[in-house]
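**Student:** Order-wise, the sequence lines are chains L and S. Residue 322 in our numbering sits at position 322 of the first sequence, and the numbers go up by one each step. Residue 33 in our numbering sits at position 33 of the second sequence, and the numbers go up by one each step.
Rather than coming from a laboratory, the hints here were simulated on the basis of the structure. Virtual Cβ for every residue (Gly too), placed ideally from N, Cα, C. Treat the hints with caution; some may be incorrect.
Think about it this way: if two alpha-carbon atoms lie no more than 30 Å apart in a straight line, the pair counts; the simulated DSS-like pairs of lysine-lysine are [as the list claims (entries may be wrong)]:
id, chain 1, residue 1, chain 2, residue 2
1, S, Lys224, L, Lys789
2, L, Lys815, S, Lys201
3, S, Lys143, L, Lys774
4, S, Lys173, L, Lys827
A short, non-exhaustive set of chain L residues, derived as facing chain S with CB atoms under 7 Å [stated by the list, open to error]:
id, residue
5, Glu822
6, Asp832
7, Gln833
Derived list of chain S stretches under chain L, where covered just means 3 residues or more per stretch with a C-beta under 8 Å from a C-beta of chain L [what the hints assert, rightly or not]:
id, stretch
8, 86 to 99
9, 225 to 238
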Amino acid sequence: MQSSTPQSRKRKVDSISQLEGAGDESEADQKSLAPATTAAEQQNAPSPTAPASKRPRHKADASVDGDETGYNVATADPAAFYHPSSSSSSSRTMSAPGGAPGKVSSLRHSGGLTKAPAKKISVNIRTSDGGKPSGSFETEAWRKIQSAVAAVHTRQSVGFTLEQLYQTAEDFLTFKLAETLYKRLETEIQEHLQKEQSRVLSERVSDEEAFLVALNKTWLVHCDNMTLIRNMLLPLDRKYAVTTTGVRSLWDLGLFYFRQKVASHPEIQRKTLLGLLHQIQAERNGNTVDRNLLKSLIRMYITLGLYSEVFEKPFLDATEIYYTEESKQYITSLDVAKYLIRMEGRLEEESNRINVYLDSSTRKALISTVERVVISNHVDTLVGAGLDQLLDETRHTDLSRMFELLERVDALKNLRGAWNTYIKNRGKGIIIDKSRDKQIVEDLLTFKSRIDEILANSFHKNDDFAYALKEGFEAFMKERTDAMPNLVSSYIHKKLQSGNKITSDMELEQLLDRVINIFRFLPSKDKFETCYTRHLSKRLLFGKSASADSEKLMISKLKTECGAQFTQKIEKMMNDMETSRELNSDFKEQRGDELKADMNVLVLTHGSWPEEPFKPIAGLRLPALLTAQQELFTKFYVGKHSGRKLTFLHHRSTCTVRAMFNPKSRKEITASLAQVSVLMLFNETDSLTFQEIADAIGITDVEEIKRILQSLACLKFKVLNKEPKGKDVATTDTFAWASGFTYKLTKIKLNQLQMKDTAEEEKKIEEETAENRKFAIQAAVVRIMKARKELQHNQLISEVLSQLRFPVKSVAIKKEIETLIERDYLKRKDDDQNLYSYVA
Amino acid sequence: MSAELKKLTRPQQTAVENFRNVTGGGIKTAIFCLQQAKWNVEVAVDDFFANPPDIEEDDVKVDSSKLENIYQKYAVKDEEGDAITDSGLESFLTDLGVNPEEVDSLILAWQFGAATLGEFSKEEFLNGMKKLRCSNMDELKKKMDTLRAQLHDDRAFKEFYAFVFEYGKGPEKKVLDLELAIALWQLVLKGKYKHLDLWVKFLTEKHNRAISKDTWALLLEFIKQINENMSNYDSDGAWPVLIDEFVDYALPHVKQ
Chain L
1 MQSSTPQSRK
11 RKVDSISQLE
21 GAGDESEADQ
31 KSLAPATTAA
41 EQQNAPSPTA
51 PASKRPRHKA
61 DASVDGDETG
71 YNVATADPAA
81 FYHPSSSSSS
91 SRTMSAPGGA
101 PGKVSSLRHS
111 GGLTKAPAKK
121 ISVNIRTSDG
131 GKPSGSFETE
141 AWRKIQSAVA
151 AVHTRQSVGF
161 TLEQLYQTAE
171 DFLTFKLAET
181 LYKRLETEIQ
191 EHLQKEQSRV
201 LSERVSDEEA
211 FLVALNKTWL
221 VHCDNMTLIR
231 NMLLPLDRKY
241 AVTTTGVRSL
251 WDLGLFYFRQ
261 KVASHPEIQR
271 KTLLGLLHQI
281 QAERNGNTVD
291 RNLLKSLIRM
301 YITLGLYSEV
311 FEKPFLDATE
321 IYYTEESKQY
331 ITSLDVAKYL
341 IRMEGRLEEE
351 SNRINVYLDS
361 STRKALISTV
371 ERVVISNHVD
381 TLVGAGLDQL
391 LDETRHTDLS
401 RMFELLERVD
411 ALKNLRGAWN
421 TYIKNRGKGI
431 IIDKSRDKQI
441 VEDLLTFKSR
451 IDEILANSFH
461 KNDDFAYALK
471 EGFEAFMKER
481 TDAMPNLVSS
491 YIHKKLQSGN
501 KITSDMELEQ
511 LLDRVINIFR
521 FLPSKDKFET
531 CYTRHLSKRL
541 LFGKSASADS
551 EKLMISKLKT
561 ECGAQFTQKI
571 EKMMNDMETS
581 RELNSDFKEQ
591 RGDELKADMN
601 VLVLTHGSWP
611 EEPFKPIAGL
621 RLPALLTAQQ
631 ELFTKFYVGK
641 HSGRKLTFLH
651 HRSTCTVRAM
661 FNPKSRKEIT
671 ASLAQVSVLM
681 LFNETDSLTF
691 QEIADAIGIT
701 DVEEIKRILQ
711 SLACLKFKVL
721 NKEPKGKDVA
731 TTDTFAWASG
741 FTYKLTKIKL
751 NQLQMKDTAE
761 EEKKIEEETA
771 ENRKFAIQAA
781 VVRIMKARKE
791 LQHNQLISEV
801 LSQLRFPVKS
811 VAIKKEIETL
821 IERDYLKRKD
831 DDQNLYSYVA
Chain S
1 MSAELKKLTR
11 PQQTAVENFR
21 NVTGGGIKTA
31 IFCLQQAKWN
41 VEVAVDDFFA
51 NPPDIEEDDV
61 KVDSSKLENI
71 YQKYAVKDEE
81 GDAITDSGLE
91 SFLTDLGVNP
101 EEVDSLILAW
111 QFGAATLGEF
121 SKEEFLNGMK
131 KLRCSNMDEL
141 KKKMDTLRAQ
151 LHDDRAFKEF
161 YAFVFEYGKG
171 PEKKVLDLEL
181 AIALWQLVLK
191 GKYKHLDLWV
201 KFLTEKHNRA
211 ISKDTWALLL
221 EFIKQINENM
231 SNYDSDGAWP
241 VLIDEFVDYA
251 LPHVKQ
């Protein structure tokens, strides 16, 4: 660039080149279009304090826009030249518009400004002491400048080279007449803008938009003019205006009078504002508007410092009115999901509006106004009935949109409350119907998975929402505190039984994890433990457990969830099974030769297994073979563990025998020991009376014998024939071996008829739970009192409550406290019956 | 008037008189307790019941042989022991002019420190008489009024009330049979508790278990602290469950 600068101008270039240094390459491209005479400006272009990011955008503007102004002005964005933080004190940093050269040059081309050859520049002779100029100099020189300024204002050819004018201005400075020149120029500008005001006011415009266009044109021309004037009188600006306190730079001077005469004129200002607001409203209504026009005028307001004063507040008010109206209309006519989509779009639009033509300082106020009007004001409706549907249908996108929008307006707590209520209601709906007990746990698992999914996908795993979920589940589980533990335990029972349809370990593990997820919310885990041991005992004793590994997997999960103490009893049961296996193999190894039939004995530790819900069969006399083997085992066991006592629980045993009904029908029958004992009687004879059977098997309870015989003669497999025939057994009946029995399979399993024991078992579980709870409460009270020595009644109650794993009323605690007082663990203080003290 | 009494000021003499009326203690005991309590009668009485001082009163002489004679008159000696019991007790009380169905018999048992219901052992009788400074039946008869009056003091009554429980249940047992508890309550609380009949009715209808010491003791507190319509009752308080249940039961009746 410098190489193209004429030699004769080197001095000026030098004087300016100190400012050089912030230029960049893209600017150089632009400069290559500029004539040599403006090179000095080029050096000056990057204002030392102007933000670097601002300049490239100006250039983009300059290269895009242009034709509409009719002046072939290279930029339609004069405000871009202006530093928004403008004030008189900082004016010197902004008085050098970055894109000026390009614009100046094109203006000169169209305006026919004479392009002076560099060598023709005349150099005025100045005395070095700055002596007095002749009186005619001032008049003459001013006339020259005045005519140039007038030419600029009237868009005429200036008639002087830039260099000549520059020099003239320089001369004014030399003769210390800068102030005079400045004052005269100021009057000139003021007068011109006064005319512009009248012109704008008198302009006949068809509509608001046309007015805006006209005003915008006036503004752009003003900017151009000021740029050119400043360039012409550069020394005045730089060496006088910028450096003298209390004097505006030429650019600011122009802005000052433009504001005063044009923009702030009440009528013009009113029309401008209305026009802008109507344009924006039209755009909100979906019409296309000239965004460049809006942008330019907003820039004008910003440049003139009128943006926040004149425009912002009315704009925000209009916005509020507009969206209040819109949201009122749509909140009723659209469903929640569609409403949110629309409003999300609206927020996007407004944000975009700021990016494109508003000032970024308005962002916060605008967005929060819209958010308040369209979201905050309707929170109750949004999280009302419509939400349940979204949750029911697991509409992740809509839900996460709602979450994000409510989060923006700080209304998540409303959504959280609705979410909690939803969980409670739906959960209660699932578990409350007793007739669906078999389905409940499966449904709960599905429900929980769905809820978890919503939490993860729509609610960003928000901690508060996770807590509301937990609280919700715990709350609705209490709707059936007594039944839920058994239902969950039964469900696990089915899944761990042989014959379940679980194909892989992975599948099982996933399922158990999900069950644990529900188990976590059970209000009385102690009751679950009771139910679980009962179910486990059924699985283990009847050989129905799918696999020991699966059992251990479940136990390990319970242990992780509730601690080692919780599974202690359960693990003991598993240990018994293990020990029994070893014991049996030892037994067979040592005494196997003496066994006539295969035998497997499970040795159960007393107290580790749930109490039997029904009584052992009194008096049952086993077939001789079994009695012998039982004695053999007892001897073996006591020999191994002296001092221990074995009690055989025959009602829990099963036995498999081979039976030949006739040569064609040979069966393997699996039955209870009592059933087999009866069948074995028929090895000796073909027919027996009820009384003969009763005498032989020794059972004392007649009803029990009836049940056994009924199971052999009256059910699906009639291995005995009863005489007379019928469904019920009488003590006068006679029974015969069913030699004609046939069945398609070889192996058959006889059902046992038992007393309906479910109600009784339920009762037993209740009692056991209640008893265990009493101990747990007493233990907690003693533990606390031992540590605290003295405690007020209410404090003791609340500490006990916090330690217990099951729900309990304070009256139950009170009863145990009384028991402990009676047993001298505690006493009341003599003078304060509410204060307990621990008796060591 | 005794020499000790003469040394006192008039208000002090009145205090001694009041003290003795309540406690039934001798002059020396009274002066000792009052001096300890800086002549505050109430405090002195409280101290007395909390921790009766062992002071040798010299103004009364009890003739042990006379007491022995009285004892022998009522006592029965057999394989089971030596005590005033059954018909002997009945005539003893009749001679005293005390109805066995009245609270007086319990007061006497309390004063004698009797251990077993319906029975005074020889030791209990002799020591009791000495303690009360009575050497014959007439003196004891006269003393009964003082003893009854003594129970107007809350502290004394509380002690008496607690004694009745122990006395009723006997030394081996931990709880008091319901039937007996009701009978004893009817004696000791007669005229002292407005809802006594309701309480008895409640126990007969709803409760068929023995009464614990705690429940026995707290019923007295309940009567003292809770007003007649039970409006100041706090079910979250430390009251025994039986009393909670009683309040539930009684509220509809009480409100009428």
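**Student:** Under 7 Å, Cβ to Cβ, is where glutamate 822(L) needs to be relative to chain S, so tell me if that hint holds or is violated.
**Tutor:** At 5 Å from the nearest chain S Cβ, glutamate 822(L) passes the 7 Å test, so the hint holds.
**Student:** Taking only the CA atoms, is the gap from lysine 143(S) to lysine 774(L) under or equal to 30 Å?
**Tutor:** Violated, because 51 Å separates the two Cα atoms, which is more than 30 Å.
**Student:** Counting residues of the stretch 86 to 99 of chain S that have a beta-carbon nearer than 8 Å to any beta-carbon of chain L, does the count reach 3?
**Tutor:** With 0 residues closer than 8 Å to chain L, the stretch 86 to 99 of chain S misses the three-residue bar; violated.
**Student:** With a C-beta cutoff of 8 Å, work out whether three or more residues of the stretch 225 to 238 of chain S approach chain L closely enough for the coverage to hold.
**Tutor:** holds (count 3)
**Student:** Under the criterion of a CB-CB separation shorter than 7 Å, is aspartate 832(L) in contact with chain S as hinted?
**Tutor:** Interface hint status for aspartate 832(L): violated (9 Å vs cutoff 7 Å).
**Student:** For the pair we were handed, lysine 173(S) and lysine 827(L), check the Cα-Cα distance against 30 Å.
**Tutor:** holds (18 Å)
**Student:** Are the Cα atoms of lysine 815(L) and lysine 201(S) separated by 30 Å or less?
**Tutor:** Status holds; Cα separation ~22 Å.
**Student:** When the nearest CB of chain S is found for glutamine 833(L), is that gap smaller than 7 Å?
**Tutor:** It holds, given that the least Cβ distance between glutamine 833(L) and chain S is near 5 Å, below 7 Å.
**Student:** Below or equal to 30 Å on CA atoms is what counts here, so check lysine 224(S) against lysine 789(L).
**Tutor:** Distance of about 28 Å is within 30 Å: holds.
The earlier numbered hints that this structure contradicts are 3, 6 and 8.
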